[in-house]
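Full structure from sequences and hints, please.
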Amino acid sequence: MTTQTDLPTQQGSGWGPAATAPEAPVAAPAPESGEPQQPLARRLWRGRPEDPRWARPAFWGLLLATAALYFFNLSASGYANSFYSAAVQAGTKSWKAMFFGSLDAGNAITVDKPSAFLWPMEIAARIFGLNAWTILGPEVLMGVGTVAVVYASVRRRFSPGAGLIAGAVLALTPVAALMFRFNNPDAMLALLMALACYFVVRAIEDGKTKWLVWAGVAIGFAFLAKTLQAFLVLPSLAIVYAVCAPVSLKKRFGQLAAATGALIVSGGWWVAIVELWPASSRPYIGGSQNNSFLELTFGYNGLGRLNGEETGSVGGGGGAGGAGQWGETGWDRMFNSEIGGQISWLLPAALILLVAGLVATRRLKRTSVTRGSFLVWGGSLLITLVVFSYMAGIFHQYYTIALAPYIAAVVGMGAGILWEKRAEMWASLTLAASVVAASAWGYVLLNRTPDYLPWLKWLVLIGGLTAALGLIFVARLGRQLALGAAALGIVAALAGPTAYTLSTVSSAHTGSIPTAGPAGASMMGGGPGGGGRGGFGGPGGQTRNGNGTTQGQGRQGQGFPGGGTGGTGGFGGGMPGQNGNTQGNGTTQNQQGGMPGSAMGDGGGMGGGGGVGGLINGATVSAEAKKLVKADADDYTWAAAAIGAQNAASYQLATDESVMAIGGFNGTDPSPTLAQFKEYVADGKIHYFISGGSGGGMGGGSSGTSSQITSWVEANFKKVTVGSATFYDLTQKASG
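To convert, note that position 1 of the sequence shown is 1 in the working numbering; the numbers rise steadily by one, no gaps.
Just so you know, not all the hints are guaranteed correct.
No more than 30 Å apart at the CA atoms, straight line, and that leaves these computed lysine-lysine pairs for DSS-like [stated by the list, open to error]:
{"id": "1", "residue 1": "K251", "residue 2": "K626"}
{"id": "2", "residue 1": "K630", "residue 2": "K733"}
{"id": "3", "residue 1": "K719", "residue 2": "K627"}
{"id": "4", "residue 1": "K719", "residue 2": "K626"}
{"id": "5", "residue 1": "K251", "residue 2": "K365"}
{"id": "6", "residue 1": "K93", "residue 2": "K630"}
{"id": "7", "residue 1": "K93", "residue 2": "K626"}
{"id": "8", "residue 1": "K678", "residue 2": "K627"}
{"id": "9", "residue 1": "K685", "residue 2": "K733"}
For each label pair, taking beta carbons as the anchor points, the in silico distance ranges come out as [what the hints assert, rightly or not]:
{"id": "10", "residue 1": "K208", "residue 2": "L64", "range": "28 to 34 Å"}
{"id": "11", "residue 1": "P454", "residue 2": "L364", "range": "42 to 48 Å"}
{"id": "12", "residue 1": "L64", "residue 2": "L303", "range": "38 to 44 Å"}
Derived by calculation from the structure, the hints in this document are not laboratory data.
All C-beta atoms in this analysis are idealised placements derived from N, C-alpha and C, irrespective of residue type, glycine included.
Take a look at the structure:
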């Protein structure tokens, strides 16, 4: 193994590359024969012999602080996204439901993702019972693990100090604090993608095939968490290894082939089983139109997300001029009012530091691990950034957690390398520029929520400018002043995202589209937009409080048909030219958000029928409705059936009984068909039909499967009213 210098540096301080900076870390010498090894506890606490004494304790402190931050107030979110929590509940009752990712233990239909991301939650719930801690606790542990992986990767090539900066940046990113405490697939995706980058860096160090194979395994399992999003960084990682690996060209291509095989096996085994399993004995694949996981992967969850043509969706983005129902696309998408406060705090600084890192390593040899690290993490950042900025289909703010590990690693590496080269004027100027960029952009983002800590933006701006001035002349300052300037720059850069993160962890988050930060931190525009934290308001919606409670003021020619109460995670647009304040079934206005066309019924039913109610959030189930559904539930495969997965999930979680989600998440999946539903009813497998819900889904119309079932039930079975909720007893024919 080579030990030649990779970068000329000053004497190491622990905050930049080590003084010797070998191409690969040199292992500590093995103890001589008969010499006892240090106890494991001491090695875990002390770390590597060449590390500063503070390095390993600081690392454990970082992980402990991250865990404490993410576990704080965790139970406030309850079941978080009830759509996935219902699937977890089903998985605790049925191994078949656990494997396929079914929404109910009766295995009627699956979630619209592969099931791997549900397994940690389902295992925890099987052991400890179903509750907020068993659902969200595994997500927190994934967050802590991701921080550890980013630290380890940056620390290996740079220094403990650089690793700590990277880990802190990740832990304090608002969208990371949101999604590592939420039960969507993104927590597992972020962890596995960070692992993939770590393994590729390890492979560049020594050229061993095993690291590249492990990278393929990580990406394969990431595919089983969130399908094709896991493949975004594949071109970047493959090209970097093909160029930088310290082995022959022939071996490089052979290793890449082996990694590809590992990816196919680790990600394909589940797909093969699902596709080969007889469709008649497995649940319908939610989100697909032809009961095919491959169709779901390449359509609704694949190319449809890029071009906006997701069959069965509520609509894509990227309309005229780049404006669509999921926000405007374009190079500045990550910085706009919809998304900027979630992820972009240190994005300008990261881009500056990425360029600086590549400039600093431009004269190094092809196999330089330092440059390879910048290419691995920086390439992953750029390719994901470009795709997110221009994808025209469904796009939610929380998707940007995928950028968080890449931004954190680039910031840590860039700060570390420039700090060690601070005697060179260009390096100190660039370091100062990155601090100015972070503090100035932090000021802009904080200014978008002027009522939230109004004094903080000025401290961020003034502190950043002061630190930048000191960093310009850092080579002339004494050690204490130099470290003080650096510390002030770090504090100024992280103050804004830290404040948003603290706001995030102190609030409850439910529904399908959570957002981080205080009220008004993420204002969606265009189509389903205008909502505050917790979801979307409708066109022209106005955020009224931090829970995303919205009162839709539909403008002429805007809004979706039907009108309804906007709320946490709901769409609040009204009928064209009308105020969207319609209430359904006597509900309290602005509580649970309903889709246009049907405000949320207090008893869990959906007022108005016919709209796409409950698409984003589920229903509130009254005690009377719960009692009705649980009555004789053991005699049926499904105690009830409801249009739309969120509506069904609400009843399932409240009653702990299987509830069929007709039409899947959007209410647009053709499952079950009217003929199948009639057969289930004839066989006595379903007790109640819950009125309302998604009513056929957006664009489903009267010809949609869900609408056909609704019409048939209303015409043939006895109506049962419980409070403000309406049910149909499928065991009793309508009189007359």
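Hints, one by one, checked against the model:
Using a Cα cut-off of 30 Å, the hinted pair K251 and K626 is violated, with the two alpha carbons roughly 63 Å apart. For a cut-off of 30 Å, the pair hint linking K630 to K733 stands: about 20 Å separates their Cα positions. As the CA atoms of K719 and K627 are separated by approximately 16 Å, the hinted pair is consistent with the 30 Å bound. Between K719 and K626, the direct Cα distance comes to roughly 16 Å. Compliance with the 30 Å bound is thereby established for this hinted pair.
Of the pairs offered as hints, the one joining K251 and K365 holds, with about 19 Å between alpha carbons and a cut-off of 30 Å not exceeded. A hinted pair counts as satisfied when its Cα atoms are at most 30 Å apart, and K93 with K630 qualifies at roughly 16 Å. Taking the CA atoms of K93 and K626, the gap is about 19 Å. The hint holds against a cut of 30 Å. Under the criterion of a C-alpha separation no larger than 30 Å, the hint pairing K678 with K627 is consistent with the structure, at around 25 Å.
The straight-line distance between the Cα atoms of K685 and K733 is roughly 16 Å, inside the 30 Å bound, and the hint therefore holds. Here the CB-CB span from K208 to L64 is close to 32 Å, well matched to the stated 28 to 34 Å. The supplied range of 42 to 48 Å is met by P454 and L364, whose beta-carbon atoms lie about 47 Å from each other. A hinted range of 38 to 44 Å for the beta carbons of L64 and L303 is consistent with their spacing of about 43 Å.
When each numbered hint is compared with the structure, a violation occurs for hint 1 only.
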